[in-house]
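Mind docking chain B on chain A? Use the hints.
The listed protein sequences correspond, in order, to chains A and B. FYI, the numbering for the first sequence is 1 to 446, going by our numbering. FYI, the numbering for the second sequence is 447 to 922, going by our numbering.
These are calculated hints, taken from the structure and not from any lab test. Computed from a predicted structure; not experimentally measured. A hint or two may mislead.
List time: in silico DSS-like cross-link candidates among lysine-lysine, alpha-carbon distance up to 30 Å [unchecked claim]:
{"id": "1", "chain 1": "B", "residue 1": "LYS717", "chain 2": "A", "residue 2": "LYS183"}
{"id": "2", "chain 1": "B", "residue 1": "LYS877", "chain 2": "A", "residue 2": "LYS183"}
{"id": "3", "chain 1": "A", "residue 1": "LYS225", "chain 2": "B", "residue 2": "LYS877"}
{"id": "4", "chain 1": "A", "residue 1": "LYS225", "chain 2": "B", "residue 2": "LYS767"}
{"id": "5", "chain 1": "A", "residue 1": "LYS225", "chain 2": "B", "residue 2": "LYS717"}
{"id": "6", "chain 1": "B", "residue 1": "LYS538", "chain 2": "B", "residue 2": "LYS717"}
{"id": "7", "chain 1": "A", "residue 1": "LYS322", "chain 2": "A", "residue 2": "LYS312"}
{"id": "8", "chain 1": "A", "residue 1": "LYS187", "chain 2": "B", "residue 2": "LYS532"}
{"id": "9", "chain 1": "B", "residue 1": "LYS767", "chain 2": "B", "residue 2": "LYS897"}
{"id": "10", "chain 1": "A", "residue 1": "LYS225", "chain 2": "B", "residue 2": "LYS897"}
{"id": "11", "chain 1": "B", "residue 1": "LYS897", "chain 2": "B", "residue 2": "LYS887"}
{"id": "12", "chain 1": "B", "residue 1": "LYS583", "chain 2": "B", "residue 2": "LYS767"}
{"id": "13", "chain 1": "A", "residue 1": "LYS323", "chain 2": "A", "residue 2": "LYS312"}
{"id": "14", "chain 1": "B", "residue 1": "LYS877", "chain 2": "A", "residue 2": "LYS187"}
{"id": "15", "chain 1": "B", "residue 1": "LYS877", "chain 2": "B", "residue 2": "LYS825"}
{"id": "16", "chain 1": "A", "residue 1": "LYS187", "chain 2": "B", "residue 2": "LYS717"}
{"id": "17", "chain 1": "A", "residue 1": "LYS323", "chain 2": "B", "residue 2": "LYS583"}
{"id": "18", "chain 1": "A", "residue 1": "LYS187", "chain 2": "B", "residue 2": "LYS767"}
{"id": "19", "chain 1": "B", "residue 1": "LYS897", "chain 2": "B", "residue 2": "LYS729"}
{"id": "20", "chain 1": "A", "residue 1": "LYS183", "chain 2": "B", "residue 2": "LYS897"}
{"id": "21", "chain 1": "B", "residue 1": "LYS729", "chain 2": "A", "residue 2": "LYS183"}
{"id": "22", "chain 1": "B", "residue 1": "LYS729", "chain 2": "A", "residue 2": "LYS187"}
{"id": "23", "chain 1": "B", "residue 1": "LYS729", "chain 2": "B", "residue 2": "LYS825"}
{"id": "24", "chain 1": "B", "residue 1": "LYS825", "chain 2": "A", "residue 2": "LYS230"}
{"id": "25", "chain 1": "B", "residue 1": "LYS532", "chain 2": "B", "residue 2": "LYS549"}
{"id": "26", "chain 1": "B", "residue 1": "LYS887", "chain 2": "B", "residue 2": "LYS825"}
{"id": "27", "chain 1": "B", "residue 1": "LYS897", "chain 2": "B", "residue 2": "LYS662"}
{"id": "28", "chain 1": "B", "residue 1": "LYS552", "chain 2": "B", "residue 2": "LYS457"}
{"id": "29", "chain 1": "A", "residue 1": "LYS225", "chain 2": "B", "residue 2": "LYS825"}
{"id": "30", "chain 1": "B", "residue 1": "LYS583", "chain 2": "A", "residue 2": "LYS322"}
{"id": "31", "chain 1": "A", "residue 1": "LYS187", "chain 2": "A", "residue 2": "LYS364"}
{"id": "32", "chain 1": "B", "residue 1": "LYS887", "chain 2": "B", "residue 2": "LYS877"}
{"id": "33", "chain 1": "B", "residue 1": "LYS729", "chain 2": "A", "residue 2": "LYS225"}
Restraint ranges, calculated between C-beta atoms of paired labels, are given here [as the list claims (entries may be wrong)]:
{"id": "34", "chain 1": "B", "residue 1": "ALA922", "chain 2": "A", "residue 2": "GLU186", "range": "29 to 37 Å"}
{"id": "35", "chain 1": "A", "residue 1": "PRO140", "chain 2": "B", "residue 2": "ALA548", "range": "40 to 48 Å"}
{"id": "36", "chain 1": "A", "residue 1": "ARG170", "chain 2": "B", "residue 2": "ASP531", "range": "25 to 33 Å"}
{"id": "37", "chain 1": "B", "residue 1": "SER448", "chain 2": "A", "residue 2": "ASN29", "range": "34 to 42 Å"}
{"id": "38", "chain 1": "B", "residue 1": "GLU557", "chain 2": "A", "residue 2": "GLY38", "range": "35 to 43 Å"}
{"id": "39", "chain 1": "A", "residue 1": "GLY222", "chain 2": "B", "residue 2": "ASN856", "range": "38 to 46 Å"}
Cβ coordinates follow ideal geometry from the N, Cα and C atoms, glycine included.
The primary structure of each chain is shown beneath.
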Amino acid sequence: MIQQLANDVVARALKLGATEAECTVAEGNEFSASVRLGEVEQLKEAGSRGAGIRVLIGQRTGSATTSDLTPEGVERMVRAAIDNASVTTDDPFAGLPDAAELGSIDVDLETYSEAVEQLEAEWKIAQAKAAEAAAMQFDPRITNSEGGSFDTYLSSRAFANSRGFSGLARSSSCSIAAIPVAKEGEKMERDYWFSIARRPDRLEAADLVGRLAAQRAVRRLGARKVSTQKVPIVFEPRIARSLLGNLFEAVSGDSIYRQASFLNGQLGERVASEYLTVIDDPTIPGLFGSWPFDDEGVRARRKVVVERGILKTYLHNTYTAKKLGTTTTGNAARGLAGNAYVDHGNFFLEAGSKTPEQMISSIKSGLYVTELMGQGVNVVNGDYSRGAAGMWIENGELAYPVSEITIAGNLKQMLLDIEEPGADLEFRGSVASPTLKIREMTVSGN
Amino acid sequence: MSFTDSFFARKFGLTAADLEGYLSVALSHGGDYADLYFEYVATSSLGIDEGIVKSASQGVSLGVGVRVLSGEKTGYAYSDDLSPDKIRHACKTAACIANGPAKVEKTGLYEGPKRDLYPVLTAPNDTTLNERVELIKRADRAARAYDSRVFQVRASYADNVREILIATSDGTLSHDRQPMARVNVTVLARQGDGSPQEGYAGGGGRMGLEVFESDKSPERYAREAARQAIMQLDAIDAPAGEMTVVLGPGWPGVLLHEAVGHGLEADFNRKGVSAFSGRIGQKVASELCTVIDDGTMAHRRGSINMDDEGNPTQQNVLIEKGILRGYLQDNLSSRLMGSASTGSGRRESYQHVPMPRMTNTFMLAGDSTPEEIIRSVPKGLYCVNFSGGSVDITSGNFVFSASECYEIENGRLGRPVRGASLIGNGPEAMKYVSMVGNDLKLDEGIGVCGKEGQSVPVGVGIPTVRIDQMTVGGVA
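With the rest of the complex left out, here is chain A:
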C-alpha cells in the first residue's frame, strides 16, 4: 500500500508541474520493554507513518514531508514542495540518477524476519529481566541498575521516482541490553552491553549480555588518572567502530566536494598503513547496513574504499558524484525528503589474524580504550581529541582501569600508524571493526 502511495505522489507531482519527482513513504512499529531491579519499568508500543517528496522544476529543488497521509494531507505536501522549488536557485548539478543506475539487487538480503513480528510481549519482558538479573548476580559489587531492555522495530520503506523506479524494502530488528551499576566505597561506575540482530535467533543470549555488561562495569571500579604521555593505543572493537565512522565522514562525497575533508585530493594515494583495508558493502545479507537499493533507487554494490592503505574511492550519491565528475556509488540516503546525503552500507575494516591478547602483549606501557566521550573530531583538518576510559596496559597485560583522561592526535597520522588489526571483526550495527591498534597517541591526564 505504501508503495502505491509513493507511485501516486510522484504522478501527482508531475501533473502539478514538477519536471522530476521522488517520493519516500515509510511506516514503522516499535515495541520497547524496559525493566529495572526485576520489575517492569516501561512498556511502549506504537506505529507511525510518514511521507516525503522532493521535486525538481527545471534545475530547482523543493521538498516537503508530512505525517498526515489523508488525501488532503498528501495533496498539501505535494503543493508545498512545488512552492518551495520557487525560492531555490538553479543548480546545474541537481537531478535524479540515470535510468541505467536504477534498480534493486536480486538477492534476499534477509533484512526482515517474521519471527520478530511474532515475539510475544511476555517473552520480550522476560528477556529484559533475564539480562538484568544476570548482570545483578554477576558480582556483589553490582549494587544497582539502570535496567534491562528488549526492543523490537519493524519497518517498511517505499521509494518511487519519475524515472520509473518503484521499490519496497522491509526490515526488522530486535535488541537486548543491560546497564548495571557497580559500586565500591563511594565510587560508582556503570557500563552496558547489548546485542542487536535482524532476527531473534541471532541475538546473544540474555544471560551473556547481562554478564558482559556487569563484567565491564566492575572492571572500571578503582579507575585512576595517569600522567600525560605518548603511548600505543588499542581500541576494543565496540570503540574502534567510531574511528571507522570518522573515516567514513572523511571519504563521504559531501565532505569531498566541499573540500571539507582531510582526505581531499588523495584518491589513489597512500592514506593509511598497509594493514588498513576498508570495505563498504550493502549487499551482505542479514546486517544493519544492508539494502537492495539506496535512497535514490540506485542498485546496491560493494566498494573497496581503502585497499592496503591506498584510497581507492570516495562514496557518492548522484549529486556529489556529478559535482566531482564521476558516477554514484549507490550511497544515497535521506530522511523522508530533502536532498540526498551520503551514507554507508556495511562499512568495515577487514580483519587481521591477531588475537587482542597478542596485540597487547608487545606493549610495555599503553592504553586499551573501552570508552570514548565527546565530539572532539574535526574531519576538515583531522584534529582528534576525545575523552577516554579503559584499561592501562603494563608489560603486555591489562593492569588497572583508567578514566578522566583524553587521547589526542591527528587522523592523518593515526591512519598511517595503524598496526595489524585483530581477527575479531564483529558486526554490531552497520559500522564494524576488529580490535585496532595505533602506534602512538598523546594521553593527557595529570
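Chain B in isolation, oriented as in the chain A frame:
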C-alpha cells in the same frame, strides 16, 4: 485564549468531554495517573551552499501520545492519526501497564493560568518563503565579504511552530504554541596550500523573524563563523595535561550543562545512579558558584511556558554558593520522591515519554572583571568556544570540546590554539573555580541536548570563570 479557541479544539474539533473520555479509557485497567499529549509541528528549512539555494523544505507532523503510570511503571502508546478510534486504541494499549479495576475517580478538566514568554507578531512560518531565503543569502554574502581566504560558506535557516495540548487525570488542561527560529553558518577558510579550517556560528530563539534584525543578525553570525575559521589558520597545537583554564562568557556554559545539570536530573537520582545522588546540602563547587536552571526567560531557546507535562516552568536553583540545592523534577520522579514538579518534564515529540530535562542553565555573575581574571593566570588556556560535550552521570566524568582557545602567558592572551577536549569530574571540577566574572552572558540560541535518544532545545550561560585545574587533551 481558552481551550475552546485553542488550536486542537478548532482544527480537530476536540472537546473537553472527548479528552475526559480518553483519559477514562487510559485508566480503565487501574492506572494511578494518565496524560494525553497532542502535538502538531510545522517546520520549514532552507539551505544555501556554494552561493546556491540548494534546499527548501516544509514539514508537518502530528499525533498524540498517551501515558499511564502505575506505581513506578509507565505504559506508553501513540498515534499519528487523531481519529477517535485510533486515539482510544492508543489509550487501551497504554492502559495495560496496570492490571486491575479502574480506581481513579473521574475528575473534570480545568485550565490553569497561562503566561506568554514568547509572544510573536508573525510566526516564522507565516512569513513569505522569500523573506526567509533572504536571511541565508545575507549570511552567505557577509561571510564571503569577510576575508578573501574564505572559500566555502554554508548557511541554513530552520523554524518550527509547535502546538501542544496536554490533558491529565489530575484535571489539568493546558495548551501552548511554541515558535522557534534559527540561522547557522559554517565557513571554511584556507591560506595557500595549507589545511582548510572551519568556523561555525549561529543563533535564534522563540521569536519571529524580527529576531534576526537585532544583534542576532545573519551578518553577525556569518562574520563570527568566518572570524573563527580565519583565526584557526594560525593556531598552534593544543597543550596536553592539567592546567589553569579560563572559560569565556556565554556558550562555554556548556560546562554547567555537562558537569552539573545532567547529574541533577531527578530520574537518575531517584534511582541512585548519579554521582550527585544523595548529595543535596553538600558542597560540590566553590562558594563562588551559583547555578540556575530557568525555563521562564523571555524568547530564549530553552524556555517554555509550561513543560511537556503541563506544569509551569520555573527558576530552579541547582547550586547555591557551592552547595547542592535541588534536582530537576518531572511528574513521575516527583511523585515517587514525594516532592513537587519543577516544571522540568520534557519530551522530543508525541512519540516520546517525558523525562526530567534542563531548560536554560547558567551561573550567576561574580565580582571580577574578565581582564582581572586573565591577568591573574601566569600560564594557562583561555577557551571561548565549544562544539559540545557529554557526561557519564554515574562516574560524573564529563568532557567538552573546545573549538576556539588561546594561550595565556604571564596574564596576557597569546597565540590561538587548535581545538581540544577538556575533561573533568562533575562533583569535583567546580571546586576549582577560583574567580567568577561580572560578565554573565547567555548563548546565542543553538543548543540541542540529547538524553536517551531524545533531543530538546536548551540554552546555557556563564560569566568568565577561572578554573585552577582541569585536564586539557591536546597533543603538545
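Consistency of the hints with the structure:
no.: 1; hint: B:LYS717 <-> A:LYS183; result: holds, 14 Å
no.: 2; hint: B:LYS877 <-> A:LYS183; result: holds, 23 Å
no.: 3; hint: A:LYS225 <-> B:LYS877; result: holds, 18 Å
no.: 4; hint: A:LYS225 <-> B:LYS767; result: holds, 28 Å
no.: 5; hint: A:LYS225 <-> B:LYS717; result: holds, 27 Å
no.: 6; hint: B:LYS538 <-> B:LYS717; result: holds, 28 Å
no.: 7; hint: A:LYS322 <-> A:LYS312; result: holds, 18 Å
no.: 8; hint: A:LYS187 <-> B:LYS532; result: violated, 48 Å
no.: 9; hint: B:LYS767 <-> B:LYS897; result: holds, 28 Å
no.: 10; hint: A:LYS225 <-> B:LYS897; result: holds, 27 Å
no.: 11; hint: B:LYS897 <-> B:LYS887; result: holds, 25 Å
no.: 12; hint: B:LYS583 <-> B:LYS767; result: violated, 46 Å
no.: 13; hint: A:LYS323 <-> A:LYS312; result: holds, 18 Å
no.: 14; hint: B:LYS877 <-> A:LYS187; result: holds, 18 Å
no.: 15; hint: B:LYS877 <-> B:LYS825; result: holds, 20 Å
no.: 16; hint: A:LYS187 <-> B:LYS717; result: holds, 15 Å
no.: 17; hint: A:LYS323 <-> B:LYS583; result: holds, 22 Å
no.: 18; hint: A:LYS187 <-> B:LYS767; result: holds, 25 Å
no.: 19; hint: B:LYS897 <-> B:LYS729; result: holds, 26 Å
no.: 20; hint: A:LYS183 <-> B:LYS897; result: holds, 23 Å
no.: 21; hint: B:LYS729 <-> A:LYS183; result: holds, 22 Å
no.: 22; hint: B:LYS729 <-> A:LYS187; result: holds, 17 Å
no.: 23; hint: B:LYS729 <-> B:LYS825; result: holds, 28 Å
no.: 24; hint: B:LYS825 <-> A:LYS230; result: holds, 22 Å
no.: 25; hint: B:LYS532 <-> B:LYS549; result: holds, 24 Å
no.: 26; hint: B:LYS887 <-> B:LYS825; result: holds, 25 Å
no.: 27; hint: B:LYS897 <-> B:LYS662; result: holds, 28 Å
no.: 28; hint: B:LYS552 <-> B:LYS457; result: holds, 26 Å
no.: 29; hint: A:LYS225 <-> B:LYS825; result: holds, 22 Å
no.: 30; hint: B:LYS583 <-> A:LYS322; result: holds, 24 Å
no.: 31; hint: A:LYS187 <-> A:LYS364; result: holds, 29 Å
no.: 32; hint: B:LYS887 <-> B:LYS877; result: holds, 21 Å
no.: 33; hint: B:LYS729 <-> A:LYS225; result: holds, 23 Å
no.: 34; hint: B:ALA922 <-> A:GLU186: 29 to 37 Å; result: holds, 35 Å
no.: 35; hint: A:PRO140 <-> B:ALA548: 40 to 48 Å; result: holds, 43 Å
no.: 36; hint: A:ARG170 <-> B:ASP531: 25 to 33 Å; result: holds, 26 Å
no.: 37; hint: B:SER448 <-> A:ASN29: 34 to 42 Å; result: holds, 37 Å
no.: 38; hint: B:GLU557 <-> A:GLY38: 35 to 43 Å; result: holds, 41 Å
no.: 39; hint: A:GLY222 <-> B:ASN856: 38 to 46 Å; result: holds, 40 Å
Of the hints listed earlier, those the structure fails to meet are numbers 8 and 12, in rising order.
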